[in-house]
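When you get a sec, could you build the whole thing from the sequences and use the hints?
So the sequences go chain by chain: X and A. Numbering-wise (the numbering used here), the first sequence opens with residue 1 and increments by one. Numbering-wise (the numbering used here), the second sequence opens with residue 1 and increments by one.
Hints in this document: simulated from the structure, not taken from any laboratory. Errors might be hidden in some of the hints.
[Said to hold, decoys possible] Below, simulated DSS-like cross-link-like pairs (lysine-lysine); rule was C-alpha separation at most 27 Å, straight line:
id, chain 1, residue 1, chain 2, residue 2
1, A, LYS217, X, LYS100
2, X, LYS100, X, LYS67
3, A, LYS245, A, LYS217
4, A, LYS217, A, LYS170
5, X, LYS98, A, LYS170
6, A, LYS170, A, LYS188
This one's a predicted model, so the numbers in the text were calculated from it and none came from an experiment.
Chain residues, written in single-letter form:
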Amino acid sequence: MVNMGPIEEKKIRDILETVTDPEVPVLTITDLGIVRGVKINGAEVEVIITPTYTGCPAMDMIAMNIKLALAEQGYLKTKITSVLSPAWTTDWMSEAGKIKLQQYGIAPPQTRSDHPGLTENIECPQCHSTNTRLISEFGSTACKALYQCNDCKEPFDYFKCH
Amino acid sequence: MQDSDFTGSKEKLKITKSSKVPPEETTEFCEGWERSSREAYTLHLADTTLILSQRNSEWCGHGPILEQDIAITNISLDLLGQARNFYQYAAALTPNPSPQNGEGRNTLTPTPSLKGEGAGGEVTENSLAYLRTEREYKNLLLVEQPNSDWGQTILRQYLFSQFQYLLYEKLQNSNDEQLAAIAAKALKETTYHLRWSREWVIRLGDGTPESHQRMLKAIDELWRYTGEMFEAADYETIVDVSLLKNDWSQKVNDVFAEATLPVPENVFMQTGGKKGMHTEHLGYILTELQYLQRTYPGCEW
Chain X
1 MVNMGPIEEK KIRDILETVT DPEVPVLTIT DLGIVRGVKI NGAEVEVIIT PTYTGCPAMD
61 MIAMNIKLAL AEQGYLKTKI TSVLSPAWTT DWMSEAGKIK LQQYGIAPPQ TRSDHPGLTE
121 NIECPQCHST NTRLISEFGS TACKALYQCN DCKEPFDYFK CH
Chain A
1 MQDSDFTGSK EKLKITKSSK VPPEETTEFC EGWERSSREA YTLHLADTTL ILSQRNSEWC
61 GHGPILEQDI AITNISLDLL GQARNFYQYA AALTPNPSPQ NGEGRNTLTP TPSLKGEGAG
121 GEVTENSLAY LRTEREYKNL LLVEQPNSDW GQTILRQYLF SQFQYLLYEK LQNSNDEQLA
181 AIAAKALKET TYHLRWSREW VIRLGDGTPE SHQRMLKAID ELWRYTGEMF EAADYETIVD
241 VSLLKNDWSQ KVNDVFAEAT LPVPENVFMQ TGGKKGMHTE HLGYILTELQ YLQRTYPGCE
301 W
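Below is the structure:
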C-alpha cells in the first residue's frame, strides 16, 4: 500500500463493515459495536476490538476474519488488538443492527444496559405480540435468552441487554 | 491429606525437582517461589474460575433438562473466558525465563513444572493452565468439590457467585487497571449467574420433600468450604475479602430463608486451597484437564 492516510481509515472501516459475526451472521462487527478503533501505523493496519462476552468463542474467529477481509483488499500487514475496558455493552449495537436482528428472528435488546434485568413483554420477532414468556435465561449462545410467544407459540432467542 | 496441611502455619514446604536437578535447586512454594504477590493473586483468580468452569462443563449433555444443561455450560464458558483473561495477565506479569530452563518440563517424565512453563520455557496462558501441578493451583476448595447431584452443583454455584459478585464489585475499582477491567466486564456475567443460581436454590429448597432433603445434604457437604473465601492469603492484598463476609452472609441468609433452608452455625471451616493445599478432588480434575498436554506436549487441534 502506498498512500496511507486519513482516507484509508474510511476504506478500512468499509471493509470491516463486511465482516460478520459467525454466530449471528446478519450482524456485522460494526453493527455489534465491537470495533473500538482503527489505527494506521506506517504500513500496518491495527484494528482494536473488544470482546462481547469474555468466553465468547466467536471472538477468535472474528479476529481471523478481519485479517482475511483486510488481506483480500491488499492490507497484508495487520494487527488485531483486543481491549477489555470499557466493557462492551449492547448499547453500542447500531439501530440498523437491531432491525436486522429482528428480521432474522432474534428479538433485539429492548432496554439500556443501566437496566440490564430481563424484561417482561419482549416482542415476538415473528408475530410482534408482546404476550411472551421467558423459557431460560441462557439461550443457544451466552448473549441470548430463550423466550416463547404465548400467541403464535414460536420459541425465539432474545439478545440480552448487557 | 494430613491434618498438618491445614494448620495455616507459615512453615514453608519444599519439594525437589527430578533427580537430574542438583539438590540445592529446591523450590519453595506457598511463599518464596512466586515472583510477586500480584502474579500469585491473579493465578488464584484464574485457577478458581478455571476449576469451576471445568466442574460445570462436566454437566454438558447430562443436565436435568436441555435448557438447564445449556445454562450451566454457558456459565462454564463465561468462567473459562474469565480464567483466560486472568491467565493471560498472569503470563504477562511473569518474566519469561531463558529457554533452557523449560527443557524437559513438558514431557512424560514426572518432572513437576514448578513455574508453569511450556516446552520452550515460555510462560503462556496455556502453560499456566495445563502445566502447573495440584500444589501450585490456588483455587478455592469450594469450586473443586464434586458435582454430586444437581442440587449440590446449584448450591456450589450460588455460594460462589454471591461471593464473586461482591469481589468483582470491589475489584473493578481496584488500582490494578487490568484486573479492574476484567472484573468490570465479568461482573455483568456474574450478575446472570447469581440470579440464575439463586432462583434455583429457592426452587429446590422450597420445592418437594426430596429436593429439600437434597439441598440439606448439599449444605452439609459444602458449607465447610465457604469460610476460606473470606480468609485472605498473603498475596491477597488488592481486595480485603474479610470485609465481604457480612454482606455475603446477609444475602445468603435471605435466600436460605426464602428457600426454607437452615443456615449452619459453628461449622469447622476447611481452608488451604489458596495456598495449594487441596482436597483429594483437585488431582483428579487436573489429571483429566491436563492429560492431553502432558501426554502430547504442545498438541493442538
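These are the hints, each one checked on the structure:
A C-alpha spacing of about 49 Å is found between A:LYS217 and X:LYS100, which places the hinted pair above 27 Å, so the restraint is violated. A C-alpha spacing of about 25 Å is found between X:LYS100 and X:LYS67, which places the hinted pair at or below 27 Å, so the restraint holds. With a C-alpha separation of about 23 Å, the suggested pairing of A:LYS245 with A:LYS217 holds against the 27 Å cut-off. The hinted pair formed by A:LYS217 and A:LYS170 fails the criterion: a straight-line CA distance of about 32 Å is larger than 27 Å.
For the hint pairing X:LYS98 with A:LYS170, the CA-to-CA distance comes to about 33 Å; that exceeds 27 Å, so the pair is violated. Proximity of A:LYS170 to A:LYS188 is assessed by CA-CA distance (about 14 Å); at most 27 Å being required, the pair is judged to hold.
In this structure, the earlier hints numbered 1, 4, 5 are contradicted, and the remaining ones agree with it.
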